[in-house]
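Here the protein sequences come in this chain order: H and P. Quick note, the first sequence lines up with residues 1 to 214 if you use the working numbering. Quick note, the second sequence lines up with residues 1001 to 1214 if you use the working numbering.
By construction, these hints were calculated from the structure, which means they are not laboratory data. Keep in mind that a hint or two might mislead.
Unchecked claim - Subject to a maximum C-alpha distance of 25 Å in a straight line, what follows is the list of computed SDA-like cross-link-like pairs (lysine to any residue): (1) H:K140 - P:G1054; (2) P:K1140 - P:D1162; (3) P:K1140 - H:R213; (4) P:K1140 - P:V1176; (5) H:K140 - P:W1047; (6) H:K140 - P:R1065; (7) P:K1140 - H:D52; (8) H:K140 - P:G1055; (9) P:K1140 - P:E1089; (10) H:K140 - P:P1053; (11) P:K1140 - H:P101; (12) P:K1140 - H:D66; (13) P:K1140 - P:G1055; (14) H:K140 - P:D1066; (15) P:K1140 - H:P53; (16) H:K140 - H:P53; (17) P:K1140 - H:R65; (18) P:K1140 - P:G1179; (19) H:K140 - H:G179.
Take a look at the letters that make up each chain.
2 protein chains.
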Amino acid sequence: MTQLLRVQNFGVSRDGFGTGEGQSFEHPFGHANPMDFFWWAGATASWPNRTDPGGSRGIDDYFTRDYERNIGAEIMGRNKFGYQRGPWEDHEWQGWWGDEPPFHTPVFVLTHHLRPSFTLSDTTFHFLDATPAEALEQAKAAADGRDVRLGGGTTVIREFLDADLVDTLHIALAPVELGRGERLWDSPDDLLDRFHREEVQSPSGVTHLIYWRR
Amino acid sequence: MTQLLRVQNFGVSRDGFGTGEGQSFEHPFGHANPMDFFWWAGATASWPNRTDPGGSRGIDDYFTRDYERNIGAEIMGRNKFGYQRGPWEDHEWQGWWGDEPPFHTPVFVLTHHLRPSFTLSDTTFHFLDATPAEALEQAKAAADGRDVRLGGGTTVIREFLDADLVDTLHIALAPVELGRGERLWDSPDDLLDRFHREEVQSPSGVTHLIYWRR
């Protein structure tokens, strides 16, 4: 089986932004409200952080539970891993996700500032200063035959799209306008020269855009 | 985690039939054309019997690949297992699926005519003369904590619905009329007293109906 590079459950505003402006520890999505991107997944039965029973099992749940299906590794940018920029002051920061990160696979963090790998539960974070193609090669080797998730943020997805390395994307188009921030695209049509697209409108208000390589 | 009983990818005609009339070895779906029920799944990249590369990765592919996710056992009726009715003349018939059945789990076949269990590749078929509740208890015990798929046919799904044992259903509504055969329902609205429903229209022409218990 071919190993795919997949973008999964990545939230984008109606005006094309994947993150707001001014990311910080207090505001990981900058001026954007993270719930504007995640509310639809948080309402489903399969949401990993669900504490109360219940949750919907409709179309949003299909997308939520597909997040981890057949994924053997993730690639993410340094700005998804944390709020700090530039050289590490120390290595105390271990990501946003606490002692049980939701990845359960090796994770490759792209950064010009290397640091030692570390493991939290069943997730190991590695730090790479590499081109997209080099990073993908390492992630595929670590994925044990399974696919690789491209976790974002926005800049990293753009870089891998520019290098034509992405096989499928699931973009969750949120019914909000951000006005500024990190832009994924001018329009969802930008990718149609290289990708098929289908569009599924969920009753929750999110629009699921599914792209796969032509 | 709760173990669910799930109907997955079950095809029904616009007028409510899950199978045509007059099932036989030559015509497993009676007067219905099996392709009218399966064409949408067969066109996807995840279709298990795919021989050529390619295939769509849109919304139909999500449903196709969800068929096996977190399934630990299947329950099916004798009429899905084979075309013979009444007492077995011999035990040579081992199902429609050849040496590599697509189940990969224990399968419990409901029948009044028992016969010994047998194994093909990683699928073991057991034969049970039991009520729906008893069969479900055995299947859950065999499923190793995972969910149980209710594989059909139509009559078996009706029996489990009547016993209120079904947790979720994915029905693939095919754009055909059959006129006669085995009826699942008078209308897709019949289940709304007990289930939530969402509807997803695929570009392929199939309508995915997703039900989950209220």
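Hint-by-hint comparison with the structure:
Distance hint between H:K140 and P:G1054 is fulfilled; the C-alpha atoms sit about 20 Å from each other, no more than 25 Å. A C-alpha spacing of about 19 Å is found between P:K1140 and P:D1162, which places the hinted pair at or below 25 Å, so the restraint holds. As the CA atoms of P:K1140 and H:R213 are separated by approximately 39 Å, the hinted pair breaks the 25 Å bound. Distance restraint check for P:K1140 and P:V1176: the Cα-Cα separation of roughly 35 Å exceeds the 25 Å cut-off, and the hinted pair is therefore not satisfied.
In summary, the hint linking H:K140 to P:W1047 is supported, as the alpha carbons are separated by about 23 Å, within the 25 Å threshold. At roughly 21 Å between alpha-carbon atoms, H:K140 and P:R1065 fall within 25 Å of each other, so this suggested pair holds. Between the alpha carbons of P:K1140 and H:D52 the distance comes to roughly 23 Å, so the proposed pair stays at or under 25 Å and holds. With a C-alpha separation of about 22 Å, the suggested pair H:K140 and P:G1055 falls inside the 25 Å cut-off, and the hint holds.
A hinted pair counts as satisfied when its Cα atoms are at most 25 Å apart, and P:K1140 with P:E1089 does not qualify at roughly 31 Å. For a cut-off of 25 Å, the pair hint linking H:K140 to P:P1053 stands: about 20 Å separates their Cα positions. Pair hint P:K1140 plus H:P101 does not hold up; C-alpha atoms about 30 Å apart against a cutoff of 25 Å. A distance of roughly 23 Å separates the Cα atoms of P:K1140 and H:D66; the hinted pair therefore holds under the 25 Å criterion.
The straight-line distance between the Cα atoms of P:K1140 and P:G1055 is roughly 34 Å, outside the 25 Å bound, and the hint therefore fails. Between H:K140 and P:D1066, the direct Cα distance comes to roughly 23 Å. Compliance with the 25 Å bound is thereby established for this hinted pair. For the hint linking P:K1140 to H:P53, the alpha-carbon distance of about 20 Å falls within 25 Å, and the restraint holds. Between H:K140 and H:P53, the direct Cα distance comes to roughly 36 Å. Violation of the 25 Å bound is thereby established for this hinted pair.
The suggested pairing of P:K1140 with H:R65 holds, with an alpha-carbon distance near 21 Å, which does not exceed 25 Å. Proximity of P:K1140 to P:G1179 is assessed by CA-CA distance (about 36 Å); at most 25 Å being required, the pair is judged violated. This hinted pair does not check out: H:K140 and H:G179 have alpha carbons roughly 36 Å apart, beyond 25 Å.
Hint compliance for this structure: hints 3, 4, 9, 11, 13, 16, 18 and 19 are not met, and every other hint is.
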